[in-house]
Amino acid sequence: MAIEIKSPQFPESVADGTVATWHKKAGEKVSRDELLVDIETDKVVLEVVAPADGYLENILKNEGDTVESLEVMATLSTEASAGSASSTHVGSNEDTAVTTVEQEDLDLSLSPAVRRLISEHNLSEFDIKSIREGTSKGRITKEDVQSYIANKPAAPVSSAKQDAKTAAKPAEPSTASPSTVVSQTKVGDREEKRVPMTRLRSRVAERLMQAKNNTAMLTTFNEVNMKPVMTMRSNYKDAFEKEHGVRLGFMSFFVRAVVEALKKFPEVNASMDGSDIVYHGFYDVGVAVSSNRGLVVPIIRDADQKRFAEIESNIVTFGKKAKEGKLTIEEMTGGTFTISNGGVFGSLLSTPILNPPQTAILGMHKIQERPMAVDGEVVILPMMYLALSYDHRMIDGKEAVQFLVTIKDLIEDPGRLLLDI
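Under our numbering, the letters of the sequence shown match residues 281 to 701, in that order.
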């Protein structure tokens, strides 16, 4: 019995996806719920698992191919033996005519990506031994193999073998896998490689250019004394963590301060839809998070209804999911306002770019001690620069400045957050 392996059902906000990585090859045995393939969209990476035990019969969509919702990507055979699997299959990048090391003979301790590279480049047992001896990590990684291939001198290939290789090797996909090196050159000690941009980074770049070109973006700055918040955090952090099971950070103070400021200035919480202004009666605050795949912005829903502990818990969960690539599309869709904290990387001052269709974004920065004049005396205080970028088509300079000053006042007197004043 053959079962069709289809791409996931994409949400309305996602038109299509790209086949990022096949974790199994045609003919390989798979178990129920075992990961088969990763599908990369503009926002997240979706995993497709095996619906039953069996053998991957045919791969119909190569790495780098574009797939739409519920499009058939492969077929799975539930027959008891591998003999039912097709010996020649669509989408295989393996050279079946000229192979130095057979796939079934490869060390099973190697990852699928490593085994695939070894087969694709016809590496010999001597090559594999050389790679293993040259790595200090204890195991061969994909980068180790790519580096070895790039630095290995090209070996002459006989005409007969070359003809057989050309005839047996199927056509390469028109679009390279996001993780595949397209070209790699080396002149002396200087090396460079060319790789295709991932869908997420491409989408981020597109949206940033959209924000720069299609909005009247302006940025206003202020600075805030962080000592009151730092003192409160120092006094209650142990009790807070013991009571709620999560650490008390600075972000929860800023999220709450932002919500209170948005209530006073609803145009900052609005968005543009063509020639219409949409005023939102809720407060979904996005928190920009850096991941290995690029910048992502998960959303704290109904932030006005959440306590400090709930906000901190959401942020911790989002951070873990971002590192593991487990954020869902639903967790990153929507949002009425965004906070970006470049200070965690050491940024002292920056101008954040809008996250369309939102009309404003708050940039937090590094806390740094500076001499400040207080009541006629010079005092060393922990200060942070704040930046508010906004769309001047919707928000006037007066409202933008007052919005930022409101946040400053609430952070410098955090008791007001608890008293709603």
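In case anyone wonders, no lab produced these hints; they're calculated from the structure. Where hints are given, some of them may not hold.
BS3-like cross-link-like pairs, simulated, lysine-lysine; straight-line CA separation at most 30 Å [what the hints assert, rightly or not]:
(1) Lys-646 to Lys-586
(2) Lys-305 to Lys-492
(3) Lys-409 to Lys-492
(4) Lys-543 to Lys-492
(5) Lys-606 to Lys-586
Between beta-carbon pairs, the in silico distance windows are [said to hold, decoys possible]:
(6) Gln-464 to Glu-308: 47 to 55 Å
(7) Pro-651 to Met-489: 36 to 44 Å
(8) Met-489 to Glu-314: 23 to 31 Å
(9) Pro-651 to Ser-555: 29 to 37 Å
C-beta: ideal position from N, C-alpha, C; glycine also.
Hints, verified against the model:
Restraint check for Lys-646 and Lys-586: the C-alpha separation of about 26 Å stays at or below 30 Å, so the hint holds. At most 30 Å may separate the alpha-carbon atoms for a hinted pair to count; Lys-305 and Lys-492 exceed this at roughly 43 Å. Distance restraint check for Lys-409 and Lys-492: the Cα-Cα separation of roughly 51 Å exceeds the 30 Å cut-off, and the hinted pair is therefore not satisfied. Simply put, Lys-543 and Lys-492 have alpha-carbon atoms about 27 Å apart, close enough for the 30 Å limit, and the pair holds.
With a C-alpha separation of about 23 Å, the suggested pairing of Lys-606 with Lys-586 holds against the 30 Å cut-off. At roughly 28 Å, the beta-carbon separation of Gln-464 and Glu-308 lies outside the given 47 to 55 Å, and the hint is violated. Range check, Pro-651 to Met-489: about 40 Å between beta-carbon atoms, so the 36 to 44 Å window is met. In this structure the supplied range 23 to 31 Å is violated for Met-489 paired with Glu-314, their Cβ-Cβ distance being about 40 Å.
Remark: the range hint 29 to 37 Å for Pro-651 to Ser-555 is contradicted by a beta-carbon distance near 49 Å.
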